[in-house]
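S.K.: Okay, here's what each chain looks like letter by letter:
Number of protein chains: 2
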Amino acid sequence: MTRRNGVILQQRIVALIHDRQLASGAALPTEPMLMDLLGASRNSVREAIQALQALGIVEIRHGHGTFVGTASLDVLSPSLAFRVRSRTPSGIGGLHDLVEVRELIEVGLIGQVAGTLSEARLAALDALVARMATDLSADRAFHALLYESCGNELVLQLIGLFWNVYHEVEASLDPPEDRIADVVANHQRIVDALRGGDAAEARAAMSAHFTDVKARVARAQTP
Amino acid sequence: MTRRNGVILQQRIVALIHDRQLASGAALPTEPMLMDLLGASRNSVREAIQALQALGIVEIRHGHGTFVGTASLDVLSPSLAFRVRSRTPSGIGGLHDLVEVRELIEVGLIGQVAGTLSEARLAALDALVARMATDLSADRAFHALLYESCGNELVLQLIGLFWNVYHEVEASLDPPEDRIADVVANHQRIVDALRGGDAAEARAAMSAHFTDVKARVARAQTP
DNA sequence: CCTCATTTGTACGTATGTATG
DNA sequence: CCATACATACGTACAAATGAG
Chain A
1 MTRRNGVILQ
11 QRIVALIHDR
21 QLASGAALPT
31 EPMLMDLLGA
41 SRNSVREAIQ
51 ALQALGIVEI
61 RHGHGTFVGT
71 ASLDVLSPSL
81 AFRVRSRTPS
91 GIGGLHDLVE
101 VRELIEVGLI
111 GQVAGTLSEA
121 RLAALDALVA
131 RMATDLSADR
141 AFHALLYESC
151 GNELVLQLIG
161 LFWNVYHEVE
171 ASLDPPEDRI
181 ADVVANHQRI
191 VDALRGGDAA
201 EARAAMSAHF
211 TDVKARVARA
221 QTP
Chain B
1 MTRRNGVILQ
11 QRIVALIHDR
21 QLASGAALPT
31 EPMLMDLLGA
41 SRNSVREAIQ
51 ALQALGIVEI
61 RHGHGTFVGT
71 ASLDVLSPSL
81 AFRVRSRTPS
91 GIGGLHDLVE
101 VRELIEVGLI
111 GQVAGTLSEA
121 RLAALDALVA
131 RMATDLSADR
141 AFHALLYESC
151 GNELVLQLIG
161 LFWNVYHEVE
171 ASLDPPEDRI
181 ADVVANHQRI
191 VDALRGGDAA
201 EARAAMSAHF
211 TDVKARVARA
221 QTP
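Here the protein sequences come in this chain order: A and B.
For the record, in the first sequence the residue sitting at position 80 is 80 according to full-length UniProt numbering, with numbers rising by one throughout.
For the record, in the second sequence the residue sitting at position 173 is 173 according to full-length UniProt numbering, with numbers rising by one throughout.
Don't read these hints as lab results, they were simulated from the structure.
On a predicted model such as this, the values are computed, not experimentally measured, just so you know.
The calculated lysine to aspartate or glutamate pairs, modelled on EDC-like cross-linking and capped at a C-alpha distance of 20 angstroms, are:
| no. | chain 1 | residue 1 | chain 2 | residue 2 |
| --- | --- | --- | --- | --- |
| 1 | A | 214 | B | 153 |
| 2 | B | 214 | B | 103 |
| 3 | B | 214 | A | 153 |
| 4 | A | 214 | A | 182 |
Modelling step: build the complete structure from the supplied sequences, incorporating the hints.
M.R.: Okay, here's the thing in structure tokens:
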């Protein structure tokens, strides 16, 4: 095996997972076994496994073994964050695009869930709005709870991923620029529209929220 | 360095890229240099670099060196494909969610670009529709060209990524089930709506297209 | 609590393929 | 064609973590 491997080894391991129908959480063969199965040295096997771990395809536990992962979109956070930052020296250009994608998805989704939310869920959203002024995580929970009923796990993880990357990059911008009152008002407007069952108004409220976010990004300066 | 490393090494390399303000395409220190800078062995350095390459953060060129990458979303394709497949044994459940996300984004976007396309671009779309019956790549080019004018590179790459993953997973389903005539008709309807400047009709046409795709997924069987 | 086997993590040495000048 | 610098691959040895007894 003195010819170029690298990515090929990763694909062979993925193929092995599929062939053996290993579900998430199942144990992969140990490194010595993989060396034998793939006919490669331990270094090569480990490099391939490390790459697969970065993609969330496998999960390595020291002293225990290597297991099939869930490929949650969370693991893509470093890649997306790096991408957004490297768009411009300041990262602002990339942030704007990121917010637009969030807006696109959430404005579309809120139109789907409008009118389907129980009063209990609306009350929970109210509570999150109240906490939002002092607790940033309430904002994340708000957007997650909004769409939980749509039954699409992928879109939920996408929204969570984008939220994480946005706030990670946004934290390195200069002025905190407290407009929390506006943020809270925007979210309250969204809940009110949902309680009224007005899909168009809910879309408009969500759109207004992201317009404010985009304006905040446009004004931001880097330290 | 005999204490627990792993992911930490990757983060330190990313931090090094940021500290030195290395832009895409810039050369990273060589492996021996990184061994010295990070105080780690060649194996550990290489494993970290391989992981970063899997995320598109660095790019390795054999015999030349390691360079800062662009973190294009394309590299996330293996992870997303794995995720979609592992949702259900057949991968159908994951495919449905994936198509819904595509629908969400594209229906929203087409409302934005409606009325902004030049006649030259509309003619190019017509040409792609004509090729679509015999050339699958024309479909990909169609959706890419549709939104090219929106000026959001991230959303363009996202649409391309989802297209790739969908067709990669869809290829492993059973019946090719030629409905190409319907597909072509759907796309022609989209172009016609755009030429008429009717945003609502364009959204409806795009939505109808994805409704057909979802129906095709629902009927699919695994070999 | 300790011991022990298993498994992953780190390190070093060496040889070879590959691109550039 | 040669020389240099770099990545690729293999083999071996030891450290560290986990779980079973």
